[in-house]
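Q: Please construct the entire structure, taking both the sequences and the accompanying hints into account.
Sequences listed follow chains A and B, in order. If you use this note's numbering, the first sequence closes out at 328, no skipped numbers anywhere. If you use this note's numbering, the second sequence closes out at 328, no skipped numbers anywhere.
No copy labels: a pair is met if it fits in one copy or bridges any two.
Restricting the straight-line Cα-Cα distance to at most 27 Å, the calculated cross-link-like pairs of lysine-lysine (BS3-like) are:
1. Lys55 with Lys2
2. Lys157 with Lys16
3. Lys315 with Lys262
4. Lys2 with Lys233
5. Lys261 with Lys55
6. Lys315 with Lys157
7. Lys322 with Lys245
8. Lys322 with Lys16
9. Lys157 with Lys322
10. Lys2 with Lys322
11. Lys233 with Lys16
None of these hints come from the bench; they were simulated from the model. Treat the numbers as computed from the prediction; the structure is a model and nothing was measured.
There are 2 protein chains.
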Amino acid sequence: MKLSEVGEFGLIDLIKDGATVDQTSLVVGIGDDAAVYVPGRGKLELLTTDMLVEKVHFDLTTTSPWQLGYKAVAVSLSDIAAMGGKPKHIVVSLALTVETSVEYVVNLYSGIKEICREYSVNLVGGDTVSSPEGLVINVAVTGEVEPAGLLRRSGAKPGDLVAVTGYLGNSACGFDLLRRRGWEDYEYAWPLVTAHLTPRPQVALGQSLAAWGATSANDISDGLASEANELAKASGKAIKLYSEKIPLSPELVQAAALFRKKPLDYALYGGEDYQLVFTISPEQFARLPQVAGQFSAIGEVAEGEGVTLLGQTGKPVRLNPKGYNHFR
Amino acid sequence: MKLSEVGEFGLIDLIKDGATVDQTSLVVGIGDDAAVYVPGRGKLELLTTDMLVEKVHFDLTTTSPWQLGYKAVAVSLSDIAAMGGKPKHIVVSLALTVETSVEYVVNLYSGIKEICREYSVNLVGGDTVSSPEGLVINVAVTGEVEPAGLLRRSGAKPGDLVAVTGYLGNSACGFDLLRRRGWEDYEYAWPLVTAHLTPRPQVALGQSLAAWGATSANDISDGLASEANELAKASGKAIKLYSEKIPLSPELVQAAALFRKKPLDYALYGGEDYQLVFTISPEQFARLPQVAGQFSAIGEVAEGEGVTLLGQTGKPVRLNPKGYNHFR
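A: Printed below as a string of structure tokens:
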């Protein structure tokens, strides 16, 4: 069915169903001029936004509408996770071409609602407009955090360890796989492609990190090199990373060989992992609950500036932020 | 200067300056993963978002970057006004083509910061990405409202008057003028073109309306016909409007003649006025502070459904929502 047949208001009716996951703090959801909710008592409010553009952030040939909806929300939830917060409400803006089918939009919202259910987040509003060319999706998310649970980029202290959650580089390698015909035949491809298409933001861990003693944190959206540089810059400190300690999945190592790339480069410069990088004292790190290697210490904070990578042999290398520059 | 020369982080440094207008509740502004603020004690939080797309909502030949920035924020502040709220924080997402100059972006943010200053709103974050074709701007805004000050679309009661702020139709007629060569020569054109390019959301009036007895409200973004239908539908009531009571500016009447259009049609179907339409008892309406005719009673609420327009002569006409359908 064509969008013109259901119209903007018909579309809103389709979207409304299942949009509210947690009614406790919601006063007005979809359907008025703005959403209304009760802020958490004694909590701080968080606000962030991310825009995904067709042919820049995703490709309709390799991303299903369900995956696109899921990921667009994941990207923003990850920012809330990096602040130690719990995401609460999202508003979604969509620019759609006239050729977009109603089914496509319904599937896209199905992905949005799936991740909202998983993370107990309410879809409370948005805007749907036409686009002369290419799909654009913007998600703005609010969250809340106890003042003592807030994680900033600044706050790293000399002697702190630098640590990360999960594996790094999977998403970027998954992106390379997606553009290779027949990737489905490689068994190791699936976790990588999944990491790229439907990343799972580290909200639960992020919410605990401050209580566990983390002194600063960032989510890894632009590659470890960029994110470590941001922590170093915001904290006014230097960071040393040890290449052999950076957690790489066995699947990444296998797939990287296929592309004749170094697995470590995916971790350093690939981006879109939506894991967390944080700093914490060695004593507190030792006390972190280690479920299935969910935390890896990969380096140290020192006085100074910039980020240095140390291999098992050879000279230390200065790591510059080489994340995706949108305008290059 | 090209965007590629300053990069995403250079751009953020340019944007940061002057972004914070009201420091009182802001904990973290631009530059971390999310903005952090203290919600108003005992207040409800509001959240809304709007997306403007080049060639759909604006045209670079008739809209300056400053005006575009101003208007993109105005559109969202108007939604907060329609809920009776005070806008507090915005995040701005921009998709820019590689050809966009740094100067263009700086001017756009200058317009954003101007309206933020006027309405005491903080610019606290955003996202800047590339677009293969055409500029896209999305603004998400949070606001706050006392529970007793909240205005919803539902709540209109039989016997209530329907009232509006300001003049209607100016913006749509201004849009027609903008596409006519030599419009600058018509003196009456300026207030109309200004109403279109830099609309002023009715935040101050919106914040007082609930205390003054308004029972429901909507902002007029899609034309009076659509907005009145929304109030009627949400409230489960009928609305009667009197055509001769709908406030039309003398400039609109003059300019409409130029286009051989009925001035009233601009008010009913034009949209983008960002005035407020609300319902209120006749007694309470009589007590409204009337500064320079800022309120006009234009109709009544009754039992039933739908919106009817009554002229000075002739039969009542059913008014259907004929606002802009994005997918037609």
